[in-house]
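Number of protein chains: 4
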Amino acid sequence: MAGNSIGKALVFTSFGESHGPATGGIIDGFPSLITIDKNFILAEMTRRNPAGYPFSTGRTEADDIEFLSGLSGDITTGTPIAFLIRNHAQQPGDYDHLKDLYRPSHADFTYEQKYGIRDYRGGGRSSARATAAWVAAGAMAKILLARHDIRVWGFVSQIGPFRLNDDTTVTMEEATTTSPLSCPDQSVTEEMLKFLEQTRAAGDTAGGVITCIISGAPAGLGEPVFDKLHADLAKAVLSIPSVKGFEVGSGFAAASMTGSRHNDPFIATDGLISTATNHSGGIQGGISNGMDILFRAAFKPVSTLAMSQHTVDRNGRPVTFEGKGRHDICVVPRAVPIVEAMAALIVADHLLRSRCGKE
Amino acid sequence: MAGNSIGKALVFTSFGESHGPATGGIIDGFPSLITIDKNFILAEMTRRNPAGYPFSTGRTEADDIEFLSGLSGDITTGTPIAFLIRNHAQQPGDYDHLKDLYRPSHADFTYEQKYGIRDYRGGGRSSARATAAWVAAGAMAKILLARHDIRVWGFVSQIGPFRLNDDTTVTMEEATTTSPLSCPDQSVTEEMLKFLEQTRAAGDTAGGVITCIISGAPAGLGEPVFDKLHADLAKAVLSIPSVKGFEVGSGFAAASMTGSRHNDPFIATDGLISTATNHSGGIQGGISNGMDILFRAAFKPVSTLAMSQHTVDRNGRPVTFEGKGRHDICVVPRAVPIVEAMAALIVADHLLRSRCGKE
Amino acid sequence: MAGNSIGKALVFTSFGESHGPATGGIIDGFPSLITIDKNFILAEMTRRNPAGYPFSTGRTEADDIEFLSGLSGDITTGTPIAFLIRNHAQQPGDYDHLKDLYRPSHADFTYEQKYGIRDYRGGGRSSARATAAWVAAGAMAKILLARHDIRVWGFVSQIGPFRLNDDTTVTMEEATTTSPLSCPDQSVTEEMLKFLEQTRAAGDTAGGVITCIISGAPAGLGEPVFDKLHADLAKAVLSIPSVKGFEVGSGFAAASMTGSRHNDPFIATDGLISTATNHSGGIQGGISNGMDILFRAAFKPVSTLAMSQHTVDRNGRPVTFEGKGRHDICVVPRAVPIVEAMAALIVADHLLRSRCGKE
Amino acid sequence: MAGNSIGKALVFTSFGESHGPATGGIIDGFPSLITIDKNFILAEMTRRNPAGYPFSTGRTEADDIEFLSGLSGDITTGTPIAFLIRNHAQQPGDYDHLKDLYRPSHADFTYEQKYGIRDYRGGGRSSARATAAWVAAGAMAKILLARHDIRVWGFVSQIGPFRLNDDTTVTMEEATTTSPLSCPDQSVTEEMLKFLEQTRAAGDTAGGVITCIISGAPAGLGEPVFDKLHADLAKAVLSIPSVKGFEVGSGFAAASMTGSRHNDPFIATDGLISTATNHSGGIQGGISNGMDILFRAAFKPVSTLAMSQHTVDRNGRPVTFEGKGRHDICVVPRAVPIVEAMAALIVADHLLRSRCGKE
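Protein chains in written order, with my numbering: chain A, 1 to 359; chain B, 360 to 718; chain C, 719 to 1077; chain D, 1078 to 1436.
By construction, these hints were calculated from the structure, which means they are not laboratory data.
Careful: at least some of the hints might be erroneous.
Computed beta-carbon distance windows for the label pairs [what the hints assert, rightly or not]: (1) B:Asp453 with C:Ile793: 18 to 26 Å; (2) A:Leu33 with B:Glu718: 40 to 48 Å; (3) B:Glu718 with C:Phe758: 50 to 58 Å; (4) A:Arg317 with D:Lys1115: 52 to 60 Å.
Glycine included, each C-beta is placed from N, C-alpha and C at the ideal position.
Just chain A, same shape as in the assembly:
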């Protein structure tokens, strides 16, 4: 029982290897009669393109998307929307030296243990390359959500040891202001840039944290007890390569808070009920409460290093291998659209799901 689909009412099925012919997917359950702006989708895809970021691999992925079904012109018809993004510039020879060894903290070993075979070219199925299609699918979900005034934005709140003082009040406008690292604070950005420069000089890599905020979600999204909204968000976000942690609202900080400080009192303004604080992160009992939904995703540092590393090959023989070619020093900035995409897919799924139970 494989697991390449996510969502129950809006189901996205992903396919594709890093160096296969294409990556892409099928979106099933997308409502009909919605106009799809292909340029918006391409713009979202460009946001994860390494070309736009310092400290990213220099490889330019001039991605285009081809829709294969589900559209009449640019209008959705309610039938499954299949799309593909061709892979370019494959140089299989580049990877021959990796085909028998297990790179540390990559999925080489586990894929081989599971399937008895792996596509070693560029990480194969485990490559972040597949997320190009996730971003495209997420862009579709964003188009659906925007019709309901639901917005999703992410930003970098930490790289290495440098972090924002307060990530809970960043607006969509602030988040999307051009910044080389997608971090809304200029002075923190400068520290991060210095840190990344040093990291690169050392042949090393860095991790970080992305904060994501969803505004406009109506109260009532989420399906307890096992498809709670934050549980589904966690699953989706932890599917992104390199993510090691997820927290909603107060998250791990809640562990050391007292109840009297953590509780969010309800208040009413002109008859509209909201909460005075938002430690809940917009979700209570697994159901959205109408406040901004806020979560964070922790990314480990990039596993591919410029320095030489020790590991073993398929036969358990010790191997030392050198870092080759250009690679990312830190993927967190370009992972922002991926986090947003997965969040958008989950919220859109729950928006559609919430309609089933209404009489």
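Place chains B, C and D on chain A using the hints.
Frame of chain A, contents of chains B, C and D only:
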């Protein structure tokens, strides 16, 4: 589309409200010919019983479990195993003062927004009472896993600001040594006890962190790209009431580590491949690598306080209400078996799932 | 991967063996705020009770149903509705002579091959006893459908070689007119009764056909290309023990019709579009068209005979065994409520599903 | 909640419209390390190509298949296998006269009712064109089944009123003997050909029945009580356009048989248990018993006629329209590979599923 089932090959469907007739569930897909030790299941259920813990509600739930199907004597037959745990000592009158108001950081408001109705007695469906059945189902999963030498153990690694120095090397034996707070370190336990005493005196409550370790899982469990093992663990653990964060292996700490420090080099001992360190937490690319699986769950402080709180009622009118009756100061210690149960269900599900694809 | 759940938005999970403690189930996804009339449910359950039928086993199942969750009084709360029906009058000793042999055309052999064990008492999980709970779940679905003026009725259109001339125009009133065999035509009923009398005298059993009609379903239910409405109806109806065939509308007769005779021309009356004929059985391209939905289910004759039969035991040794006790000569009349229940569950599921995709 | 996926362990998701860019799909859960013979897949696709059949539309679909993922060379890697089949020779202008009217017994009206929009070119999503991809997916399933000596073959057992005397003993060799109508009996074929000639002359169309046999399936496949093997086969086969009925084994004929004649006595030969007759069609209690699995699918006559027909347009105005262009007189012969494909997908799914529950 409700969401009261979890798992794909081993499917657990949960039912029950805090003050309804019973809580329980159906386990579908449990293999046949396995002997079920009912005493083990009852013992696991007792581990989450408030009676066993200081700083917990004094209510004793002398729970018994009734199996309704799926067993021939104590042998599983491969058919669905339904079971129920009767609720006792329901005093509906106790809750009348809550039926029109929205308690801060409880699910009163969101359930009512979603369903237009809520069972206000003891939290209804959102109550942790339902987890009695989760623990029973998890105990069944543990019986299945034990046949494959897979063990699951959790322990309290943090309460309030007090935490273990190192939670990564705690053995099953250490974790299950009797401790009033399920914390394997005696001096930390003493600090926690003092802190909880002060918290109680202040009419307040506390949160904490549970660390869970799974040993013996074979390499190859997990179904990328969307049913990755840690993603499914996160979803299951975040379904537990009060959990606000999840991390696997290095987790959020990974964000400030460099790649050269974080990477887990592969080594081979007598032909057996393992990793020298385990920042990956036993999972790489969403698939288990044969090392111990380690994750953490952050619990917010208990929302029910002994002090008076401000909130609003259904009509948006401000209300002040007093804490009544005995309640938990900190649920983290008795949540350990719940975390273990959800972990066991997920690992058992993936163990069965992994057999599908094998030729 | 077991398969004891049916439906995607309205999910019914079934449990229970013939001679275990209880049969029952969980309905997940039932909308909130609906009043459940328990007497209606009991009345539906009585319709499948053998006591009410000639040529049925004399065993009286004075079934009662206990709801365990999901209701506040008699109002649904949107949470899972669990219920159980206790099994009575179990006399395990009655079945000892069957425990090692494989009864012809029963599921003894296949259950044992699949699970390595079987509950041989009264057919265990394969017994039609489990359908008591299906009828209860179907009654819940009927309550939901009735709010939308959707009605489901079945009737016996054939027993042995005797059949109705035209089963396509039978009204709900005609179908529910008291008839000992649930057949709306009195003279055909008399022929059937005579035939069943002869069959009983010969120690033999009979099969038949049930026709089921669903009125009031709006156009637009059904989810091509794999969850077509008639495909899901077929799956649900073929889950009923003894059903060997399913057809919608013209069914097998369509094979020998010409297109010019089979096609249903669209007509409009006062702006309302319908079809002049209904060979489509109310479903075109897998989607309801607003006309009456009509399907048929073929039942094989009862496998338990009053005469002696030859078969083999677990070790392949030839065995002759005698029919014992009272049993059904023909189950078709009391299977009518079961067919209706499965149809109601599927239509209710699709009614809820159809809301997901609407913008 | 759309429904374009089928299977649980081997999941096939379908996409594509008749006149869109391509049809195709994703197969998730296909085991790794299996060699895929692309020529076999193309050969299967050719079997449904109208070019090969008399009384079929003259349109030649010179289909090619492109694999986008999941293969390393021609070896499966365990990751999702995406593929596409480009549509050719689209002449959109041909369909303009149909875009406002509802063709009798087509899905024009129901798609428009459901989605508010339809792709009217060649039937859009409801076209049998999509089954090209189903046949490709089914061919993959056949490759998997062949490794376990499971074979699937279908043949035409009825066209119009002409049918085989006995379709239960047709061997794979007999079924695949070249016959213009895929009917293994020469004299019946001649009658069918004559009948189809007359039908064409009258501007009319014909239906028929396909019988499908699966040999070599081990005892134990099928997941009661709702994913019974024959129930899943029925759902899959009724997904095929034009299918109106499904029966397994004795099917509708069982309704008029007595139990003593219908029962299949178990016998043992050299310790191997089988049944003396096979009215069960190889399935008992929803689980395969090791005998040949046999089912039948009834096809209605083609809805597109050469003669003029009356219907209404979107506004309910009466319209008379003429048949245009070349079309199929009878699709039953070229539907044989489609029936086989859906059967192969279901049996392969259950083969994989059966491994989950094994200890």
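Tested hints:
no.: 1; hint: B:Asp453 with C:Ile793: 18 to 26 Å; in the structure: 21 Å, holds
no.: 2; hint: A:Leu33 with B:Glu718: 40 to 48 Å; in the structure: 44 Å, holds
no.: 3; hint: B:Glu718 with C:Phe758: 50 to 58 Å; in the structure: 51 Å, holds
no.: 4; hint: A:Arg317 with D:Lys1115: 52 to 60 Å; in the structure: 36 Å, violated
Hint 4 from the list above is the single one not met by this structure.
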